[in-house]
Structure formats: structure tokens, C-alpha cells
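Colleague: Sequence:
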Amino acid sequence: MKPSAERRALELSQAPSVPARIEGHAHEAPQATAVSFNGHDMNWETFAELVRYCAKNLKERGIEQGDRVALLLTNRPEFLIVTSAAAAIGAISVPINFRLAAGEVAYILNNVTPKLLYVEQQTAELAEAAATNAATQPEVIDCDTADLLEATSYPAGKLDDAELFIPEAGDDFAIIHTSGTTGNPKGAVISHGSISMCASKVASRWGLRRGEGVVMLAPPLFHIGTFLASHGALVGGSTSLVVPSTGFDPVQTLETMKRFAVTAAFMVPQQWQMLCAEIERVGGEGLALTHANWGGAPASEKLLERMKANLPGTEVKASFGQTETTGYGVGLEFADSLRKIGSVGKPENDMSVRVVDPDMNDVAVGEVGEIVYRGVGVMSRYWNNEEATNEAFRGGWFHSGDLVKRDDEGFIYVVDRLKDMIISGGENIYCAEIENVLAWHPDVADVSIVGRPDEKWGEVPVACIIPKDPNNPPDLASVREYLADRLASYKHPKDVRIIEAFPRSGIGKIQKNVLRQSVQSAEALAD
Numbered sequence: 001m002k003p004s005a006e007r008r009a010l011e012l013s014q015a016p017s018v019p020a021r022i023e024g025h026a027h028e029a030p031q032a033t034a035v036s037f038n039g040h041d042m043n044w045e046t047f048a049e050l051v052r053y054c055a056k057n058l059k060e061r062g063i064e065q066g067d068r069v070a071l072l073l074t075n076r077p078e079f080l081i082v083t084s085a086a087a088a089i090g091a092i093s094v095p096i097n098f099r100l101a102a103g104e105v106a107y108i109l110n111n112v113t114p115k116l117l118y119v120e121q122q123t124a125e126l127a128e129a130a131a132t133n134a135a136t137q138p139e140v141i142d143c144d145t146a147d148l149l150e151a152t153s154y155p156a157g158k159l160d161d162a163e164l165f166i167p168e169a170g171d172d173f174a175i176i177h178t179s180g181t182t183g184n185p186k187g188a189v190i191s192h193g194s195i196s197m198c199a200s201k202v203a204s205r206w207g208l209r210r211g212e213g214v215v216m217l218a219p220p221l222f223h224i225g226t227f228l229a230s231h232g233a234l235v236g237g238s239t240s241l242v243v244p245s246t247g248f249d250p251v252q253t254l255e256t257m258k259r260f261a262v263t264a265a266f267m268v269p270q271q272w273q274m275l276c277a278e279i280e281r282v283g284g285e286g287l288a289l290t291h292a293n294w295g296g297a298p299a300s301e302k303l304l305e306r307m308k309a310n311l312p313g314t315e316v317k318a319s320f321g322q323t324e325t326t327g328y329g330v331g332l333e334f335a336d337s338l339r340k341i342g343s344v345g346k347p348e349n350d351m352s353v354r355v356v357d358p359d360m361n362d363v364a365v366g367e368v369g370e371i372v373y374r375g376v377g378v379m380s381r382y383w384n385n386e387e388a389t390n391e392a393f394r395g396g397w398f399h400s401g402d403l404v405k406r407d408d409e410g411f412i413y414v415v416d417r418l419k420d421m422i423i424s425g426g427e428n429i430y431c432a433e434i435e436n437v438l439a440w441h442p443d444v445a446d447v448s449i450v451g452r453p454d455e456k457w458g459e460v461p462v463a464c465i466i467p468k469d470p471n472n473p474p475d476l477a478s479v480r481e482y483l484a485d486r487l488a489s490y491k492h493p494k495d496v497r498i499i500e501a502f503p504r505s506g507i508g509k510i511q512k513n514v515l516r517q518s519v520q521s522a523e524a525l526a527d
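In this text, residue positions in the sequence shown follow UniProt numbering: the first is 1, and each later residue adds one.
Hints are supplied without guarantee of correctness; some may be wrong.
Pairs of lysine-lysine, DSS-like flavour, derived with a Cα cap of 25 Å [claimed, not checked]:
hint	residue 1	residue 2
1	Lys308	Lys340
2	Lys509	Lys340
3	Lys308	Lys419
4	Lys346	Lys405
5	Lys456	Lys509
6	Lys456	Lys302
7	Lys405	Lys419
8	Lys302	Lys158
9	Lys115	Lys158
10	Lys340	Lys405
Please keep in mind that the hints were generated in silico from the structure rather than gathered at the bench.
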């Protein structure tokens with residue numbers, strides 16, 4: 001016997017369902033702003049209606065539970081509507097990095113075989129080029145012509161209560177692909193339980209409440225950090241301020257934060273660094289920011305000090321995780337940030353971690369090891385990749401590839417990515433450690449350390465530096481003199497490369513694989 005409509009409504013409200021939270025906001029605070037984009041606001045009542053209309057449209061197009069719905073979109077409200085609508089019928093969202101090459105997009109399409117692909121004018125050509133190399137051809141919907149923000153664009157009407165999907169915690173919610181810096185990208189499968197629980201934690205940490213707070217979504221929504229932040233706003237009931245994907249501009253970002261009274265924002269360290277420079281130039285008067293969250297890459301001690309100086313009264317928090325942990329795992333509370341500069345914090349309450357050696361033995365306090373996870377945010381598997389899944393979960397824990405150490409109070413410090421560690425003459429050299437020290441060099445604006453092959457030592461560190469003054473860049477002698485009493489000599493760079501800008505991913509992280517290849521290619525040409 002099927003449950004009554006009333007019983008289904010109750011079951012849905014108790015399920016780990018983002019659409020159910022949206023329905024709740026529409027009921028309790030219908031006129032509060034749900035989404036703001038390009039000066040136009042959409043209240044919760046309208047947003048919830050559009051989610052239902054879009055969900056019905058998906059069903060009319062033959063989308064069923066477990067089918068994949070891909071999004072090749074820049075930051076725009078349709079991203080939030082489509083992902084929520086897919087969840088409302090049990091379909092799986094697949095956000096795709098719109099900055100990828102056609103061959104890379106084709107690889108993802110072949111991996112997940114979506115039935116639908118949402119595009120826009122800016123990405124339509126990329127989608128068409130990718131489709132020529134895809135084994136299956138998804139139906140393409142152009143958001144610029146379909147007009148998903150108008151109810152009149154959905155002739156089939158909207159999803160009724162009886163059709164709403166009631167998820168179990170382990171049901172598939174989204175497939176988020178890793179960056180693929182060490183090979184083809186892998187699709188991390190995030191469950192309804194993971195996104196609901198992690199989004200609720202974000203909402204709590206950022207003080208988000210129904211009808212209160214404004215979350216700025218500036219980095220690309222396809223990235224796990226912004227994806228989680230957006231769902232924190234959806235679950236918490238705060239306004240999602242969707243910032244168009246036009247590239248990060250610190251001047252415009254600061255103006256936006258002041259104009260829209262942004263209270264919470266997630267950005268990568270490089271973006272916070274540029275924002276702090278702009279605040280130092282024009283002042284921070286008018287900022288309403290209460291929570292500044294950084295993640296996606298290590299932040300130097302210098303940057304954290306700078307953030308505290310330029311964002312007084314703002315809780316500066318670290319979120320340390322990765323795509324496979326729903327961007328969740330370890331967090332540093334504001335109360336500890338002053339005395340634990342350089343730490344990413346302690347494990348979240350519902351996440352367990354270990355710091356282990358290659359044989360899965362726990363390392364001692366202060367020793368370096370790989371951090372491994374168990375907990376609510378950990379992915380269920382890699383999509384269509386059993387071998388990678390088994391490798392990632394060897395020993396019953398998820399292996400992150402991040403090298404860390406713990407102090408005697410349990411605080412965790414990131415040392416390096418396992419793949420970025422340099423082994424020179426049998427010694428382990430951690431790039432992040434050198435970068436953290438060199439960031440304070442008076443002539444250095446930004447720095448990244450990579451390894452290059454060496455006949456004598458196997459591998460040696462190279463400092464890639466953006467100078468503060470391009471006309472007076474630091475040389476190798478200057479760098480090594482600065483490091484003389486700060487780091488052991490075997491950690492000193494063996495070369496300095498002065499560059500104008502780092503290659504960066506869509507979220508703003510330095511692409512060390514590209515930088516490493518550039519350094520090694522230059523070395524080969526020199527030889």
C-alpha cells in the first residue's frame with residue numbers, strides 16, 4: 001500500500017533531502033531572498049516553484065532515478081535550479097569544469113554517459129566540440145534559449161508531491177570530478193546524506209539562518225568548495241549571491257561584498273590575498289563580512305596574518321578537505337586560529353582521521369604521514385572506476401594523498417601533497433614548508449616550489465617566484481641567503497625562475513603539474 005500524500009510529505013521532510021529544505025524555506029519564509037544574480041532577486045517561493053517545474057521537465061524528457069544530468073555552465077541561477085530539480089527526482093547531477101578542453105569534457109561525458117547536458121552561449125561551442133568525441137550523445141539544453149527562470153517555459157507544469165523523490169542517505173546525489181592533475185579525472189560520487197550533512201555543518205559554522213545572511217558564490221560552482229557553500233546556503237535558508245564567472249577581480253569583488261552586505265564567503269588563499277591587497281588600498285569600511293572561509297590550497301602564515309589585520313571582527317576559518325570528502329573533513333575554529341597559525345584545525349565531529357605511514361601504521365606526534373578519513377562526507381566510490389576506488393579505500397580508510405603532521409593537542413598541519421613531495425638524496429622535501437618561509441621574503445609577491453630531475457640528487461627544488469618589483473627580482477643567492485638560518489640547506493632551492501603569473505585551475509589553485517612541466521622543459525632546452 002502506498003503511503004498517503006500526508007505521510008509522504010512527512011517522510012520527505014525527515015529525509016536527507018536538499019529539495020525538502022528548499023520547500024521548508026518556501027513555506028516559512030516565502031518572500032525572503034533565495035538567490036541574487038546580476039541585480040535581480042528571486043524569493044524562496046519562486047525558487048521552490050522553479051525547482052518543481054524543472055523537475056517535471058526532466059521527467060518529461062525521460063530522466064529517471066539514477067540517470068545523469070550534466071551541467072556545463074558558468075555561475076548562474078540555473079545551476080542551482082537544475083541540481084535541485086535533479087535531486088527532487090533522484091537523478092544525479094554532474095557539474096563539469098567549463099574551462100576544460102573539448103577532449104577533457106568528452107572524457108567526462110564518456111565516463112558518466114549523461115542523458116541531458118545543460119549549456120549556455122558561452123559553453124555551447126565547447127559542448128559541441130566535446131560531443132564529436134563522445135560515445136553517446138546527450139540531449140542538449142541551452143539555458144539562454146530555454147529560459148529556465150520563467151514558469152511559462154515549462155509547458156508540462158510542475159512536479160506534484162507524489163512524484164518527489166524521498167532519498168536514503170546512501171543514494172547518489174552528484175558526481176564531482178577531480179582535477180586530473182595526475183591522469184584522467186575521476187568522478188567522486190557524493191551521496192544525499194553527505195551533501196545534506198556537510199551543508200548543514202557549513203550553515204551552522206557560518207551562522208546561516210532562514211531569511212538571514214548572504215553567501216557570496218564567486219568561485220566556479222562546479223568546484224567542490226563552492227558547490228558545498230551553495231548547498232550550505234540552500235540548506236540554511238540564506239541568500240545565495242551568485243557572482244558571474246568573469247574571472248576574479250579583487251576591485252569588483254570588494255565592491256560586491258560591500259554593496260550586497262555579504263556575510264560569508266569561501267575563496268582560495270590566492271583570492272583572499274588579492275582581496276586583502278585591495279582592502280589595504282581603499283579600506284574595508286562598509287564590509288558586513290562575519291565569516292571568511294579559505295580552502296582548496298594551503299594558506300601561508302603571512303596571508304593568515306594579513307587576513308586577520310584586514311578583516312577585523314571576521315571569523316577567519318579554514319576548511320580542509322577535498323572533492324572526495326565533499327570539501328569537508330578538518331576545520332580550524334576562530335578561537336584557535338591566533339595561537340595555531342598554520343594549522344588547518346582538528347577533525348570535524350562526525351569525521352575520523354588517522355595520520356599513517358605507507359603501511360597504514362599511525363605515525364607519532366610531530367611526524368609526517370598521510371591523512372586518511374572515515375565519516376559522513378566521504379564519497380561512496382569513484383564512478384565507473386572500481387580499481388581506483390579499491391586503491392583509495394585500502395585498509396578501510398579513504399586515502400587523501402595529503403601529507404600532514406599532528407601536534408600534541410591534535411591540531412593538524414598540512415605539509416604537502418604526496419605527489420608534490422620532492423625526494424632529494426634520500427631526504428623528503430616538502431614544497432609547502434619552503435613556500436611558507438619564502439612568502440616572507442621582502443622581494444617575493446608569490447612563490448611556488450616544484451621539483452626537477454637531477455643526476456646527483458635524483459630531484460631538487462626549484463623556486464618559481466612572482467617578484468614584488470619586476471625590475472628588481474630576487475636571485476638565487478638572495479633566496480638562499482634569506483633561507484640560511486630558516487631552513488636546512490638541503491631544502492634550499494637549487495634554482496630560481498622569475499615568472500609573471502602562475503598557471504591556475506578554474507578555482508584559482510596553482511597547477512603544479514603544469515608549472516613542473518614548464519620548469520623541466522626549460523631545463524631540457526638549456527641542456
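Colleague: Which hint numbers does the structure go against, in order from smallest to largest?
Modeller: Hints 3, 5, 6, 8 are the ones this structure does not satisfy, whereas the remaining hints hold.
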